[in-house]
Amino acid sequence: MNTEALRASALEALGDYGDPRARRALLGATVSVEPSTLRWASSAGEEAADRVIVGVDARSLGALEAAPAALDALRAAVARAVAEVSGRSLADLELRWNGLPAGPEGYRGTISRPGTEEAALALALERWCEGFLGALAGPWTVRVEGEGRLRLGAPLAVLLAHGEDARRGLMQLSGRAVTLEGGTLG
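Per our numbering, the very first residue in the sequence shown carries number 1; after that it's consecutive.
Honestly, the hints are just simulated from the structure, not real lab data.
Quick reminder that beta carbons are idealized off the backbone N, C-alpha and C, glycines included.
Accuracy of the hints is not assured; some may be wrong.
[Unchecked claim] Listed next, with one range per pair, are the computed distances between beta-carbon atoms: (1) R143 - T30: 38 to 46 Å; (2) A69 - G146: 35 to 43 Å; (3) E181 - S89: 39 to 47 Å.
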């Protein structure tokens, strides 16, 4: 299936007045399809449904998680696009982090990348919080520990207010176990 045709069809399904968070996420997303992940027999013959994986930046991921209506709008648009482009059904829509803290920013849309994995995760978490909480929360410090575990630090007041949401966001962004630690890590 042509993923660019799928994206274009989903954007058309959202229309000009669709949820702007869903539109923003889809515009900068990476889209891939796992065909025929679900099959069943119907009176019309054998049917199949596809899983669509949408990779979005950290800010969009947080915004979609915070707003079920935006996620529903994205899911409906992708379902319509799958039916239109392939004649199949949508089995599942999976959202993933595409590794970017936010969409293109800065001079002429260039993306600046932090120098270390820890700095990249801390920046991505700030952008995720911006989307999820509607405001910046932090500063966050991320330390990579053995066995793929992460330790998340922040001033105590920030941890008390947003620590559990941030821990969940960092787990989703990184796919790793995350431990909270009061006070900023040194």
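Here's how the hints hold up against the structure:
{"no.": "1", "hint": "R143 - T30: 38 to 46 Å", "result": "violated, 28 Å"}
{"no.": "2", "hint": "A69 - G146: 35 to 43 Å", "result": "holds, 41 Å"}
{"no.": "3", "hint": "E181 - S89: 39 to 47 Å", "result": "holds, 45 Å"}
Checked against the numbered hints above, the structure violates only hint 1.
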